[in-house]
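Kindly produce the complete structure, drawing on both the sequences and the hints.
Protein chains: 4
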Amino acid sequence: MIKVAIIGGSGYTGLELLRLLATHKSVEVVSITSRTYKATLVDKVEPSLKGFYKGLHFSDPTDIDKADADIYFSCLPHGASMEMVSRLIKAGKVVIDLSADFRLKDLATYEKWYCAHKAKDLIDEAVYGLPELYRTDIKKAKLIANPGCYPTGATLATAPLLKGGLVGTDSIIIDSKSGTSGAGRTAAIETSFVEVAEGFKAYNVGIHRHTPEIEQTFGELSGLKDKGVKVTFTPHLLPVSRGILSTIYLQLNNKEQTTEELLSLYKDFYSSEPFVRVLDEGEFPNIKDVRGSNFCDIALRADGRGGVVVISAIDNLVKGASGQAIQNMNIIFGFEEDEGLTSPPIGV
Amino acid sequence: MIKVAIIGGSGYTGLELLRLLATHKSVEVVSITSRTYKATLVDKVEPSLKGFYKGLHFSDPTDIDKADADIYFSCLPHGASMEMVSRLIKAGKVVIDLSADFRLKDLATYEKWYCAHKAKDLIDEAVYGLPELYRTDIKKAKLIANPGCYPTGATLATAPLLKGGLVGTDSIIIDSKSGTSGAGRTAAIETSFVEVAEGFKAYNVGIHRHTPEIEQTFGELSGLKDKGVKVTFTPHLLPVSRGILSTIYLQLNNKEQTTEELLSLYKDFYSSEPFVRVLDEGEFPNIKDVRGSNFCDIALRADGRGGVVVISAIDNLVKGASGQAIQNMNIIFGFEEDEGLTSPPIGV
Amino acid sequence: MIKVAIIGGSGYTGLELLRLLATHKSVEVVSITSRTYKATLVDKVEPSLKGFYKGLHFSDPTDIDKADADIYFSCLPHGASMEMVSRLIKAGKVVIDLSADFRLKDLATYEKWYCAHKAKDLIDEAVYGLPELYRTDIKKAKLIANPGCYPTGATLATAPLLKGGLVGTDSIIIDSKSGTSGAGRTAAIETSFVEVAEGFKAYNVGIHRHTPEIEQTFGELSGLKDKGVKVTFTPHLLPVSRGILSTIYLQLNNKEQTTEELLSLYKDFYSSEPFVRVLDEGEFPNIKDVRGSNFCDIALRADGRGGVVVISAIDNLVKGASGQAIQNMNIIFGFEEDEGLTSPPIGV
Amino acid sequence: MIKVAIIGGSGYTGLELLRLLATHKSVEVVSITSRTYKATLVDKVEPSLKGFYKGLHFSDPTDIDKADADIYFSCLPHGASMEMVSRLIKAGKVVIDLSADFRLKDLATYEKWYCAHKAKDLIDEAVYGLPELYRTDIKKAKLIANPGCYPTGATLATAPLLKGGLVGTDSIIIDSKSGTSGAGRTAAIETSFVEVAEGFKAYNVGIHRHTPEIEQTFGELSGLKDKGVKVTFTPHLLPVSRGILSTIYLQLNNKEQTTEELLSLYKDFYSSEPFVRVLDEGEFPNIKDVRGSNFCDIALRADGRGGVVVISAIDNLVKGASGQAIQNMNIIFGFEEDEGLTSPPIGV
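Protein chains in written order, with our numbering: chain A, -7 to 340; chain B, -7 to 340; chain C, -7 to 340; chain D, -7 to 340.
It should be emphasised that the hints constitute simulated quantities derived from the structure, not laboratory data.
Take the hints with a grain of salt, since some may be wrong.
Identical chains share a label here; the pair holds if one copy fits it or two copies do between them.
Simulated pairs of lysine to any residue, SDA-like, Cα-Cα distance not exceeding 20 Å [said to hold, decoys possible]:
1. K112 x N196
2. K222 x E124
3. K104 x R297
4. K110 x A100
5. K46 x T101
6. K82 x L158
7. K134 x Y195
8. K110 x E265
9. K17 x T334
Below is the structure:
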């Protein structure tokens, strides 16, 4: 039984950690911080949790040093997270950072897209927490940079093609659609029910911060670094709470390659992965079929003219954030990798 | 062609006035104020209006005196509205107040449920703007207290029974369900998409401010004033943008009365009303069938044991607010009563 | 490890059994039948289940005798269920019947509201499977009549008042709102997305089949049998997938009773129940806070004038059907009562 | 005042014609047919229409010859429509065909994607009813092939680029997302509320029938015919009732071209169009901002590396079907082109 602390826990990723960890056999949540809700019981903020975590209050972030936990999940926003993470790492703690602060290896890129970095010395040490690609490094890590939600779905969808060198990388198009919880638990007219329901739109067209993160990983996978990779990424806002579906357009180097061959390659690539489900030919994923779960469902179709469309679906709060963070924790501490993550999706 | 000014127009009722007045043949919107959005084009706040009201900006509320309009719609919140209304009435203007400030005739009741009143002298002068019941007074009015959304649906649903003295008034139960636009165009976690979607709850149980407004009108209709009327009113929040459905439970004085007889009574009562549709026996209203329109659909069923269930549906932004306000304006200025309100509901 | 068979399992209650049983430690699903989908893998019908129940196909209903299971869940519609149940009971099996066929103790009432009964001899033997009220009988039962979704929420909401003799029973009003999955997994224009989304309506006003079931239990609880109980029940269709919220209006015999006193009574009444959560004063339930879980959340408010409003929320597919069925199974077989039902609701 | 007949009018496009024509000053609907609902009042099928079209019944399709209308809208499915259209054209009538039967100019292409053609002689005569591009031909037409919903949004989004020869045509990617009404008014589990709500998926990936229609028009616009055009088209199903958003990826021949230059080109191109709204730089369309209206909102962004993303939004039932059909009728009969189509979108 290890002790868990959650920092900045009153947003959706923090509350989702609570939801998932409630059934984890080997952890105890000893502390959860929130500036806004300090001294409030967690189930007064998220009433669905009533009966779980009895007596657990949000505490002031400054109390974090008293937590003495074995692992800390930072759900702070980028910028704020790096300082807290730095303090914890220096105190010898294991940290999983759900913010973007340690995802980008190139400092200049980080500072261009985000802000000045205040813990540069830790950038190299951080391991990008996508278990399907970096499990060996994760096992030994002290600091996990938990991947962004869009990059998780996009990377799992394309890794077999990129690692195999099967596709061009100078014009990859990623058309992604995300549920509204991706915008965070904040009061804003744009994410109010009336503005989102019955609507659909693109946002941050051409300028979303997940673009360099995707290009970095695609570059690593293709062996080209990000020099040779050009990704056009368009996120859209879906009138649903959870889920990201990414429709990705690539060009095959070998135009003869068939859907069947590629699916066979994918099934091999992910054959021992507990959370990647490669669909059969003619099937395509639906975000509702992964809802609440840590699965990434993937399907594809080659058009016989050199084009291939790959589609992946994840729950942005689970595989795109808190579930993947727990998966990383499980790997680091040697628990069953799916511990706390075994419930089927709530498909209906 | 008359000149219209809208005060506090960047909320849903103000924007809905713009939507509806765009097709009104006899009005021109000359001014719309908003503290938050002053100097912003209206179609930058509500992009659906692009191409309408070209060049119309929100202006500072202090500019209202320059408007020189023939009629002013006040969409300010209660408390703020009374001062503006008072100024305009004193300047000899016609005002339709969409706030609660002049709805309650009893000062003490107003001040108990809302706040201190600063324009008490106007309370008697204000006419309650429910055309189906007070059309004669509306014609001559200078100041209209536009009814609340819940009271509109509840009153139209029960007026034939109350006026006819056909039901007991010591225990009337009104179970209402409203779309989220009723909460206004404000940034709040409780009305964010993620909190509202797939949810449903009661709120302000037993303490909603529309209760005294309903009891006042029911008292008038039944001839008992509100002394003899006890209403139990429970509002709920629906995961839809628009619409209020009220399910109302009453006791018939004559237990023998049949659904058929009562529907016949209702059809007579509303036979010349352009916006009340009494459904046939066995049919029940759906909020989507009045969406975007000024209709109030009503159905009922007597259970043969003395109980009668009456159900009404309105669009809270139209018949429950801006559409009714326009209907009142049409009556005052002698336009066709349905001018600007002739489009069918958007039932799909 | 016991063996489970599900009959008529391709509807929402059958698929929900699969979702919930996937994490149950002590059961194995050995058979699931479906006339429509026979020979189809379960995850081809419900893709969210991919990776669970590997190789499990729907089988023809006639194969049920080969199942040799320890317990049978019948998800057949009423009328069809009674024959299958009868056959299984005669073969000495334990059966949980999710249909209405064995819920009503009075044959004439059943036949009036449903159809001719073909297994009358079993009506007395069947135990009404609401554990909070009938746990002792359930332990010894061979045949469980699993309660209807609406009656479950309505009964749990009112049992402390009815058993305590605290309220009048001659005019109880139950205004219920249900998610669309309650209509079953069938192709129908009325339950299509376009017809349901952005809509809300009452249906089966005054004639819903759950009325006699509610009156029967209320009669038992109040000691009056159903003679002295008059329930007015109005179901409504919510544009959500899951959840029932019931708003119930009763008259207290002692008008002085306060919300505080009544909540205290409720908390005592349900103090050892794993699945009933009584909320604190001023809080009211939301269906999303029980979504996917077996909880029933209850709140109330006394108005000081003799009226009391009680509100309950359940997930119609879980506590209203399959979760309660599993809870009954757990009781009969001596498992932990919450086995398979321990995940928190998916509140977001 | 002209006389209108609607054939196969009980689906969403037929009902939408009724909704829109209710405010059209110069038409009278004299007949609407439906095999399923014959002899039923239209407002019993679509209750939102109560009070409009009083006494209008659906009639048997065989009665169409008695209609003696000036114009016929065929809302029949492809295959069935061609025969009816042929009969009417031969009788000298004006026909607007909302099916796909006369959209494809190449018979072989039609028969490959749809079915055998039974009115081949009319293919050449039919005019593709996209007014922004073919208004001159429409004016003189007797038979209009009303464009498909996806092709309408995709073509308006790209026409200025294609006609200007500004983009490559060998790899155009169209990622479209449609509301559920696009699937028609039919009973099917896949389009039921429970299956669609909270979900999102691609469908008919690489094989949607609108692909050849898009390629045909793109070929015409680019002067290459469809030989030189390769479109990858992926439709997705949105959990909303109405609306199509298409996100289109093209390669500019001149990589230097800026967003500003291109938007200026678009604004010129569509400067006298009543229903195309080109957004300002940095703005992107939302389907809710065109809901219920005949508008097509368009935005774009050039990425400075040769890529350009163009996004368009329409209401699939209006500009994507019935509204466009009315626009075509208005052109043919010399009415104001926006007659019946002047209401603002219902943006909330």
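So, going through the hints one by one against the coordinates:
Within a single copy, K112 and N196 get their C-alpha atoms no closer than 27 Å, and across copies no closer than 47 Å, so neither meets the 20 Å cut-off. For a Cα distance limit of 20 Å, the shortest separation of K222 from E124 qualifies neither inside one copy, at 23 Å, nor across copies, at 35 Å. Proximity of K104 to R297 under the C-alpha cut-off of 20 Å is restricted to the inter-copy arrangement: shortest distance 18 Å between copies versus 38 Å within a copy. Within a single copy, K110 and A100 get their C-alpha atoms as close as 13 Å, which meets the 20 Å cut-off; across copies the closest is 60 Å, which misses it.
For the identical chains of this complex, K46 and T101 are neighbours neither inside a copy (43 Å) nor across copies (42 Å), given an alpha-carbon limit of 20 Å. Taking identical chains as interchangeable, the C-alpha atoms of K82 and L158 are never at most 20 Å apart, the minima being 42 Å within one chain and 56 Å between chains. Taking the shortest alpha-carbon separations for K134 and Y195, neither the intra-copy value of 35 Å nor the inter-copy value of 43 Å comes in at or below 20 Å. For the identical chains of this complex, K110 and E265 are neighbours neither inside a copy (36 Å) nor across copies (51 Å), given an alpha-carbon limit of 20 Å.
In the homo-oligomer, the alpha carbons of K17 and T334 lie at most 20 Å apart both inside one protomer (12 Å) and across protomers (12 Å), since each shortest distance falls under that limit.
Violated hints, in rising order: 1, 2, 5, 6, 7, 8; the structure is consistent with all others.
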